[in-house]
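Visitor: Using the sequences provided together with the hints, build the complete structure.
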Amino acid sequence: MNFDFSEEQVMLRDSVARFIKEDYAFETRCSAVASQEGMSRETWQTFADLGWLSVPFAEEHGGFGGGAVDTMLVMEEFGKGLLAEPYLATVLLFGGLIQKGGSQAQREAHIPKIIDGSRLGAFAYLERQSRFEMADVMTSAVKEGDHYRLNGEKVVVFNGGNADYLVVSARTSGEQSDTQGVSLFLVPADIAGVSLLSYSMMDGQQVANLTFEDVQVPAADLVGNLGEASALIESVVMEANLGLAAEAVGIMGELNAKTLEYTKTREQFGVAIGSFQALQHRMVETFMAYEQTKSLLYRAVCALSNGDEDAAPVIHALKVMIDRAGKLVFGEAIQMHGGMGLTDDLDIGHYAKRLMMINTTFGNGDYHLGKFNALRYARTD
Amino acid sequence: MDTSFATEDLAFRDEVRAFFAEAYDEELQGRLADLSTYKEAVIDWQRRLYNKGWVAAGWPVEHGGTGWNSTQKFIYETERAAAGIPDVIPFGLAMVGHVIYTFGNEEQKARFLPRILNSDDWWCQGYSEPGSGSDLASLKTSAVVDGDDYIVNGAKIWTSYAQHADWIFCLVRTSTEGKKQEGISFLLIDMTTPGINVKPIATIDDHHSLNEVEFADVRVPIANRIGEQDKGWTYAKALLAHERTNIAGVADSKRSLGQVRTFAKKEINGGVALIDDPVFQSRLSSIDIDLMALEYTELRVLAAVSAGGAPGAESSLLKIKGTEVQQAIQELQMEVAGYYQGLLVDDLSVEQLGHSFGRAARQSYMYGRAATIYGGSNEVQKNIIAKAVLGL
Ligand SMILES: Cc1cc2nc3c(=O)[nH]c(=O)nc-3n(C[C@H](O)[C@H](O)[C@H](O)COP(=O)(O)OP(=O)(O)OC[C@H]3O[C@@H](n4cnc5c(N)ncnc54)[C@H](O)[C@@H]3O)c2cc1C
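Protein chains in written order, with the numbering used here: chain A, 1 to 381; chain B, 1001 to 1392.
FYI, nobody ran anything at the bench for these hints, they're computed from the structure. Keep in mind the model is a prediction, meaning the values are calculated, not measured. Please note that a few of the clues may not be correct.
Here chain A is said to cover these stretches of chain B; the calculated rule only asks that three of the stretch's residues, wherever they fall, bring their Cβ under 8 Å from a Cβ of chain A [as the list claims (entries may be wrong)]:
hint	segment
1	1201 to 1215
2	1266 to 1272
No farther apart than 20 Å at their CA atoms in a straight line, the calculated lysine to aspartate or glutamate pairs in the DMTMM-like style are these [claimed, not checked]:
hint	chain 1	residue 1	chain 2	residue 2
3	A	Lys294	A	Asp308
4	B	Lys1321	B	Asp1288
5	B	Lys1265	B	Asp1277
6	A	Lys327	B	Glu1324
7	A	Lys264	A	Glu254
8	B	Lys1052	B	Asp1121
9	A	Lys371	B	Asp1276
10	A	Lys371	B	Asp1277
11	A	Lys264	B	Glu1379
12	A	Lys21	A	Glu42
13	A	Lys327	B	Glu1379
14	B	Lys1321	A	Glu332
15	A	Lys264	B	Asp1135
16	A	Lys327	B	Glu1331
17	A	Lys264	A	Asp347
18	B	Lys1179	A	Glu267
19	B	Lys1265	A	Glu133
20	B	Lys1254	B	Asp1290
21	B	Lys1073	B	Glu1295
22	A	Lys100	A	Glu234
23	B	Lys1140	A	Glu267
24	B	Lys1180	A	Glu267
25	A	Lys258	A	Glu291
26	B	Lys1052	B	Asp1120
27	B	Lys1039	B	Asp1025
28	B	Lys1266	A	Glu133
29	B	Lys1140	B	Glu1177
30	A	Lys294	A	Asp14
31	B	Lys1382	A	Glu285
32	B	Lys1237	B	Glu1182
33	B	Lys1199	B	Glu1214
34	A	Lys371	B	Glu1267
35	B	Lys1382	A	Glu267
36	B	Lys1382	A	Glu332
37	B	Lys1199	A	Asp345
38	B	Lys1254	B	Asp1087
The C-beta atom is built at its ideal place from N, Cα and C for all residues, glycine as well.
Guide: Structure below.
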C-alpha cells in the first residue's frame, strides 16, 4: 500500500501548479472572468499546448490516457487558482460523455479537437424544474424519419455560451422523472432552432439557458443507446464529482493557508490574533476538516480507479464531506478576516463562492446524504 | 408568568397591522427596491412612521419616542417583520439619537433630535479604523484643539452608507496619555466639511454599503463634542449595548424561515417536494427550535430592560444566537435555491432565468456573513460573556 504518485503524475501536477503560481494570478483570473466570454482563449490554448486537455482521454485519440488520480491532481491545482476556464464542462463532461458513450466516429470527430484546444463543449442537462435529479427531463426528442426533433429548455448550462458543441439530454420515452427513456444528442451550438441566453454566476463561471425549438438532429448524432443515457450520465458525473471534489480540496487548502497567514500578521490588542486560543482551536478544526476531506477524496479515487462496487456510496459521502467541510472552512476564513473577509478585492470571498457552487453542482450535501442513506440502509428483505 | 396578550395589546396589534397595510404601499416598495430611488424612499417611509408617531420605538416619550412597553415593542417588531418591512436605518434613530438625548447638552438635543426624528439627516457611524476593529479603543484618528475647533486627521473604515450620510458620529483620540479608553472623545461631524473624502469598498454581496472615510485637517466645532473631552468611550459603550439588543432580529428570522418553507414546497426533487424530504426537515426544524428558544430569550431580556435594567451582557447572548440563526436560515435559503443560488444578474427577468429568489438569497447570504463580524464580533461577545457573566 502506498499513497505515492508516479513520476509522470508528479510532473503533471507540478506543471499545473507552476502555471497557476506563475501565470495565473488572482488579477489575471478576474480579468478573464470580467471579459465577454468569461474565460481566456489564450489560457485555454496554453492548456492544450501543455497537454492538460488530453489528460483523461485514451491514447488512441491522442490522449494522455490518465485516470482518476491524474484528473484529481490537475483539478486540485486548478482549484487553488480559481480557474475560470471551462475544464469541467469541456473536458470532464462533454469529453467524458463522448469518450465513454460516443461511437468511434463521434470520438474521432471530437476528442482530437478537444485536445488541441479548438473545440469547446458543454453538457446541457439541467431544466428549470429538475433541481438535482438528472433524470427529471422534459426536453423531448421525437423520431421523425432519420432525424430527431428536439423541443425544450436547458438552464444553467456550464460554458453554454462558448461551447461549439453540446451534449443535450432529452426524453425519448417514459415519464418526466423516469430513469429509463433519457437519451443524449450531440448538437452543434449554431444549429437552427437553438437560442441562447448567457449570464455569469457568482463564481465567475459563464452559463447559459438554451431553448430548443424544433431542432432537427440527425439520428446518427445520438450518443450511446436510445433511452439508456441515465447510466452513462451517472458514471460520467461520478468522475466529474471527483474532479469537483479535488478542486474543492485545492480551494480549502488555499483558504486555510491564507487565513493562517492572516491571523499571524493581523494584530489587535497588541498581539497577533492567531495567538488567541479561541481562534487557534478553530483553525485546528479547519485543518482537520481539510485532512479528512482529502482522505475521503483519496478513498473515492481509489474506489473509482479499482472499479470497486462501493464507488457510488463513497462519492456520495465525499459530496457530503465537501459540503460540510467546505462551509466550515470558508465560513471561518471570512470570519477570521473580519471586515476584510467581506471585501471583493480579496480572494477569500471568491473562493467561498466557488465552493458554494461546487457544493450545489450535481446535488448538494443534503441530497447526497439522502442517497447515501438509501444505499446504506436499502432493505433487502 | 404569562405571555398572552391583553385586550388592549390585541387592539394595538390590529392598529399596527392596519397601518402597515395602508402606509407601506406598492409604489413605495418599488422605489425602495430601486437603487436609484432607495435613499429618498427610505426617508419617505421613515417620515410616514414619524407622522404616525412610531419612528422612534426605543426612545423615551419626552424626546419624541413612543414610550412603548416591552409587549408593545414586541408586537410592533413582529408585525413589521411579518409584513416584510425593513427596520429603520439604525445610525440616527437607534444609535446616535440615544447618545444625544442621554449625554448631549440642551443645545445639541434641540439641534439634532428633531432632525433625526424627521429623517432630515442621514447619519453614519465612524468607529472602526484599519488598525482598530475588535480592539476599538486603540483607535488613532486624532482631534487636536485649535481655538473653538478640533482639527481631525485620520481614517475610518467599514463605514456603512457613508455615501448617503449628512453626518457622521466619530470616536476620535484627544489624548494619548493613560489607558487607551481614557483619551477618546465623541464627535458629531458634518459630512460636507472640507477635508472629508468618502471612498467606496466593493464587497462580496455586490451591493455598495461600505466605505472608507478619510479626514485631512477637518475642522469640527468643539460645540459638536458629546459630553466631556476624553470621556467618549463611556458614551460609546452605552450605545454598543443598545445596538446589540436590536441585533437578534428574531421577528425577521421568523419571516425568513417562513419564506424558506414556502420556497421548499415548490422545489421538487424527482417528484418529491423538498419540504417533504426528511433530511431537509431535520435541518429546518433544528433552526426552528433554536428560534423558538431565542424568541423567549429576547422577551426575557426585553422584560428585564423595561423593568428598569439596562441591557447588559445579555445583549451579547442575543447577538450571538440571533446572528447564528440568521446565518443558518440564509444558508438554507441558498440550498433551497439549488444551482440558482449563484445568480448574479439583475438585468434578466425571472421568466428568462427560470428562478425568482436565487439572486436575493445570494445577496443576503453573502452580506449576512458580516452579521457575526460587525457590532462587536461574536468572538468578542463571547469574551464579554465569559468575563462579565461567568466571571472568568
Ligand atoms: C458589513 C459591515 C458593516 C460595518 N459597518 C460599520 C459601521 O457602519 N461603522 C463602523 O464603525 N464599523 C462598521 N463595521 C466594522 C466592524 O465593526 C468591524 O469589522 C469589527 O469590529 C471587527 O473588526 P475588524 O474587521 O478589524 O476585524 P479584527 O478585529 O481584525 O478581527 C479579525 C478576527 O479576529 C477575531 N478576534 C479579534 N479579537 C479577538 C479576541 N480577543 N479573541 C478572539 N477572537 C478575536 C475577530 O472576532 C475576527 O474574527 C462594519 C463591518 C462590516 C463587515
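Visitor: Now tell me if each hint is right for this structure.
Guide: Going through the hints against the structure:
Against chain A, the segment 1201 to 1215 of chain B contributes 7 residues with a C-beta closer than 8 Å to a partner C-beta. That satisfies the three-residue criterion, and the hint holds. Counting residues of the segment 1266 to 1272 of chain B whose CB lies closer than 8 Å to any CB of chain A gives 5, so the stated coverage by that chain holds, three being the minimum. Only pairs whose Cα atoms come within 20 Å are accepted, and Lys294(A) paired with Asp308(A) is accepted, the gap being roughly 19 Å. Between Lys1321(B) and Asp1288(B) the CA atoms are separated by roughly 13 Å; this keeps the pair inside 20 Å, and the hint holds.
For the hint linking Lys1265(B) to Asp1277(B), the alpha-carbon distance of about 10 Å falls within 20 Å, and the restraint holds. The hinted pair formed by Lys327(A) and Glu1324(B) meets the criterion: a straight-line CA distance of about 14 Å does not exceed 20 Å. Annotation: proposed proximity of Lys264(A) to Glu254(A) holds, straight-line Cα distance about 15 Å (limit 20 Å). Note on Lys1052(B) and Asp1121(B): the hinted pairing holds, with a Cα-Cα distance of about 19 Å set against a maximum of 20 Å.
Of the pairs offered as hints, the one joining Lys371(A) and Asp1276(B) holds, with about 15 Å between alpha carbons and a cut-off of 20 Å not exceeded. A hinted pair counts as satisfied when its Cα atoms are at most 20 Å apart, and Lys371(A) with Asp1277(B) qualifies at roughly 12 Å. At roughly 17 Å between alpha-carbon atoms, Lys264(A) and Glu1379(B) fall within 20 Å of each other, so this suggested pair holds. Of the pairs offered as hints, the one joining Lys21(A) and Glu42(A) holds, with about 17 Å between alpha carbons and a cut-off of 20 Å not exceeded.
Our distance criterion of 20 Å between C-alpha atoms is met by Lys327(A) and Glu1379(B), whose separation comes to about 18 Å. With a C-alpha separation of about 17 Å, the suggested pair Lys1321(B) and Glu332(A) falls inside the 20 Å cut-off, and the hint holds. For the proposed pair Lys264(A) and Asp1135(B), the alpha carbon gap of about 16 Å is at most 20 Å, so the pair holds. As the CA atoms of Lys327(A) and Glu1331(B) are separated by approximately 10 Å, the hinted pair is consistent with the 20 Å bound.
As the CA atoms of Lys264(A) and Asp347(A) are separated by approximately 18 Å, the hinted pair is consistent with the 20 Å bound. Between the alpha carbons of Lys1179(B) and Glu267(A) the distance comes to roughly 18 Å, so the proposed pair stays at or under 20 Å and holds. The suggested pairing of Lys1265(B) with Glu133(A) holds, with an alpha-carbon distance near 16 Å, which does not exceed 20 Å. For the given pair, Lys1254(B) sits about 11 Å from Asp1290(B) by alpha-carbon distance, which is consistent with the 20 Å threshold.
A hinted pair counts as satisfied when its Cα atoms are at most 20 Å apart, and Lys1073(B) with Glu1295(B) qualifies at roughly 13 Å. Between the alpha carbons of Lys100(A) and Glu234(A) the distance comes to roughly 11 Å, so the proposed pair stays at or under 20 Å and holds. As the CA atoms of Lys1140(B) and Glu267(A) are separated by approximately 15 Å, the hinted pair is consistent with the 20 Å bound. Of the pairs offered as hints, the one joining Lys1180(B) and Glu267(A) holds, with about 16 Å between alpha carbons and a cut-off of 20 Å not exceeded.
For the hint pairing Lys258(A) with Glu291(A), the CA-to-CA distance comes to about 16 Å; that is within 20 Å, so the pair holds. This hinted pair checks out: Lys1052(B) and Asp1120(B) have alpha carbons roughly 16 Å apart, not beyond 20 Å. This hinted pair checks out: Lys1039(B) and Asp1025(B) have alpha carbons roughly 17 Å apart, not beyond 20 Å. As the CA atoms of Lys1266(B) and Glu133(A) are separated by approximately 15 Å, the hinted pair is consistent with the 20 Å bound.
Proximity of Lys1140(B) to Glu1177(B) is assessed by CA-CA distance (about 13 Å); at most 20 Å being required, the pair is judged to hold. At most 20 Å may separate the alpha-carbon atoms for a hinted pair to count; Lys294(A) and Asp14(A) meet this at roughly 18 Å. Using a Cα cut-off of 20 Å, the hinted pair Lys1382(B) and Glu285(A) holds, with the two alpha carbons roughly 19 Å apart. Using a Cα cut-off of 20 Å, the hinted pair Lys1237(B) and Glu1182(B) holds, with the two alpha carbons roughly 12 Å apart.
A distance of roughly 8 Å separates the Cα atoms of Lys1199(B) and Glu1214(B); the hinted pair therefore holds under the 20 Å criterion. The suggested pairing of Lys371(A) with Glu1267(B) holds, with an alpha-carbon distance near 17 Å, which does not exceed 20 Å. Between Lys1382(B) and Glu267(A) the CA atoms are separated by roughly 19 Å; this keeps the pair inside 20 Å, and the hint holds. This hinted pair checks out: Lys1382(B) and Glu332(A) have alpha carbons roughly 16 Å apart, not beyond 20 Å.
As the CA atoms of Lys1199(B) and Asp345(A) are separated by approximately 14 Å, the hinted pair is consistent with the 20 Å bound. Of the supplied pair hints, the one linking Lys1254(B) and Asp1087(B) holds, its CA atoms being roughly 15 Å apart against a limit of 20 Å.
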